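Engineer: Starting from the structure of chain A, add chain B where the hints point.
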Amino acid sequence: MESTATHAPSFLNTAREQQRTMVEEYYADLAKAGGPKKPVAYMLVGGNLTEIVRSFGYEVVFPEIVALNCAIKHVSLPNILHAEAQGYGLDVCGYVKNDLGLQELGGETPFGRIPPPDLLVCSFSGCYVYVKWWEALAEKYGCPLFVLDVPYMREPEVQAEDRTYLIAQLKEFIALLERITGRSFDLGELRRVLVQSRRAEEGWVRYLASGRHRPSPIEAYFEAVFYMFPINVLRGTERAAEFYATVNTEVEQRIRSGQYPVPEEKVRLVVEGVPPYPSYRTFWDFFRKWGAVSVAATYPKVGGLFDQGFLHDPGRPFESIADYSLAAYVNQSWPLRRKLIADYVRDYQADAVLIHGIKSCRSFTAGQGDLRDWLIHDLHVPTLYLESDHEDPRYFAPAQIKNRMDAFFESLGPRREGGPPPTEGS
Amino acid sequence: MTLVAGVDIGSTTAKCILLDDGRIVGKSLAPVGVELVKDAERALEKALEGAARERKEVQAVTGTGYGRFKVTFGQYTLTEIGCHAKGAHYLFPGTRVVLDIGGQDTKAIKVSDRGEVVDFAMNDKCAAGTGRFLDVCAGALGFDVSEIGPLSLGARHPVKVTNTCTVFAESEVSAYVARGKDPRDIVAGLYASVVSRSLSLMQRVGVEPELTFTGGVSRNEGVVRTLAQRLTLKVNVSPLSQYVGAIGAALYGLERAGNPSP
Chain A
6 MESTATHAPS FLNTAREQQR TMVEEYYADL AKAGGPKKPV AYMLVGGNLT EIVRSFGYEV
66 VFPEIVALNC AIKHVSLPNI LHAEAQGYGL DVCGYVKNDL GLQELGGETP FGRIPPPDLL
126 VCSFSGCYVY VKWWEALAEK YGCPLFVLDV PYMREPEVQA EDRTYLIAQL KEFIALLERI
186 TGRSFDLGEL RRVLVQSRRA EEGWVRYLAS GRHRPSPIEA YFEAVFYMFP INVLRGTERA
246 AEFYATVNTE VEQRIRSGQY PVPEEKVRLV VEGVPPYPSY RTFWDFFRKW GAVSVAATYP
306 KVGGLFDQGF LHDPGRPFES IADYSLAAYV NQSWPLRRKL IADYVRDYQA DAVLIHGIKS
366 CRSFTAGQGD LRDWLIHDLH VPTLYLESDH EDPRYFAPAQ IKNRMDAFFE SLGPRREGGP
426 PPTEGS
Chain B
18 MTLVAGVDIG STTAKCILLD DGRIVGKSLA PVGVELVKDA ERALEKALEG AARERKEVQA
78 VTGTGYGRFK VTFGQYTLTE IGCHAKGAHY LFPGTRVVLD IGGQDTKAIK VSDRGEVVDF
138 AMNDKCAAGT GRFLDVCAGA LGFDVSEIGP LSLGARHPVK VTNTCTVFAE SEVSAYVARG
198 KDPRDIVAGL YASVVSRSLS LMQRVGVEPE LTFTGGVSRN EGVVRTLAQR LTLKVNVSPL
258 SQYVGAIGAA LYGLERAGNP SP
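As given, the protein sequences belong to chains A and B, one line each in that order. Using our numbering, you'd call the opening residue of the first sequence number 6 and step up by one each time. Using our numbering, you'd call the opening residue of the second sequence number 18 and step up by one each time.
So here's chain A without its partners, still in its complex pose:
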């Protein structure tokens, strides 16, 4: 029978505490930011230009991350409903509706007040809805909008013409920042920020690579999401770089003491897709009851494919920023995304792939059905496709999702062992 008592998931205690403090302080500082003392730039996570705006003294807000924080704290729905009352349709992205609803409601969240933007940087233009989102904000606040036009990655390597195109836009962006702020661009300051970014990225890569161990000392999807905040929001600060040193020290302790994310690792998964934040814990519990651990996942790479070598380099500031933006996971073509996932299955010795599609985002989700079929039929990798939403709690149907997951995990037993399926629960 199913085990009804599910123990709380384990975390890296010191790192989790540090992360919690960093989040609280970040939002507390944001409430004080804005205006002439510390201007605020809104940016998108994919391919973001954090280092450049930080070098001009901006504080950075990522409305996608604000939105997911709202969702995980169960306060996204009022914002979404408010946006729908303004005329945004059911099919519009939940991140967009959360933000636009929140902006109209005054920006107050349980974790602090989100200041309005002084500058809008649309760093990922692969999603047309995102461009419109930034345009709506620009119209509301009357602030400058810079749209970085990032061509899709069509080949595994960055193409020289794409890099040149991006660098030209970065130079335009810097000229805009100089005009707005009245400050001259300081290459030395950018390099100093990039040094910290690089340190954080290397630490993050090391953390994610530890999923290759058997059993895995990390939960590379649900748990890793908690440690994404510094790499995405605080990248370029010394604090973020130090944070990953703490994380990795604790992972090593976990290996030494044999304390793993689940008591017994029964299924190793690669997970693709954005989590259902409004039902995050429930969804996680559905995995843990089966002893299933994500050993690699694509979602933690939306802020950068650092593990594929696209790291910032203080010695090549513009080239490395351009390459990083081009190689953002959301900017990868489907053949490249598919290969990456297949490589993770091989390199992390995964038993299966779980895909979580989100109703909100057709551009990210559209090829996931084909991905499922390719993994099952061409690579013979057991794969389950589930759908709900990352932001809107109305689309998470727990009974249906659990039933599909239970059936999937049941079926993995005979496929892996040639014996009868395991009894549910651990």
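Calculated directly from the structure, the hints in this document are not laboratory data. These figures come from a predicted structure and were not determined experimentally. Be careful, since some hints might not be right.
Stated by the list, open to error - Reference excerpt, derived from the structure (chain A facing chain B, CB under 10 Å, subset only):
1) SER15
2) HIS382
3) ASP383
4) GLU392
5) ALA412
Note that beta-carbon positions come from the ideal geometry of N, C-alpha and C, so glycine has one too.
Structural biologist: Only chain B this time, still in chain A's reference frame:
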């Protein structure tokens, strides 16, 4: 002698099957209410009564279906997906694909030659194309769902009915009734809609012989005929097709009873 029971608590009915050394010796079927634990117990008791067997003889009880966790007196649970694969393989050993249309779910299940689940696909969110869909639309036509099975046989110009939303389909049926369309043509349109939705699920797992059709809707001869017309392969339907989940559950209990360590 190894007596085991499988109890399938679905969205509409509770089914129980008793197996004695792998042979079916008892069964029961009754609608479910809101007290699922009692429904499950009654299903088992009724099956035991029909087989003239006693509760103490039962060596393993396995719960399946959405209400499987309400089979609180059982030892095992298995999803209805796994059970339908086992049950269909038991009835038709050549089964490679199972189409199960129950009260609120449609499932296409690819099955190995040992009756194990290889892949599956299910309807999402809406119950369009399921038993409930037929129930609602039959009501809009003024029939009980049990009466419409053969009605499509005399259809001459089947209408088109949406299969994306049960409520919209019901409105469409009402509109066809208001326009004076022949009920036989409307029912034929409903069956085409159900089958079309099922086909897209089956195509996701891959259609290959043999196909075994299970669940309450497989009792509807009009749907079975429409399905057979759309496919160029034989469709297995057992008189026990509503019990396939319970049969699979009982078989699982039998495996476990013979090999108790997981």
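Engineer: Now tell me if each hint is right for this structure.
Structural biologist: Cross-check of the supplied hints:
no. : hint   : in the structure
1   : SER15  : violated, 24 Å
2   : HIS382 : holds, 8 Å
3   : ASP383 : violated, 13 Å
4   : GLU392 : holds, 6 Å
5   : ALA412 : holds, 4 Å
The structure is inconsistent with the numbered hints 1 and 3, although it conforms to all the rest.
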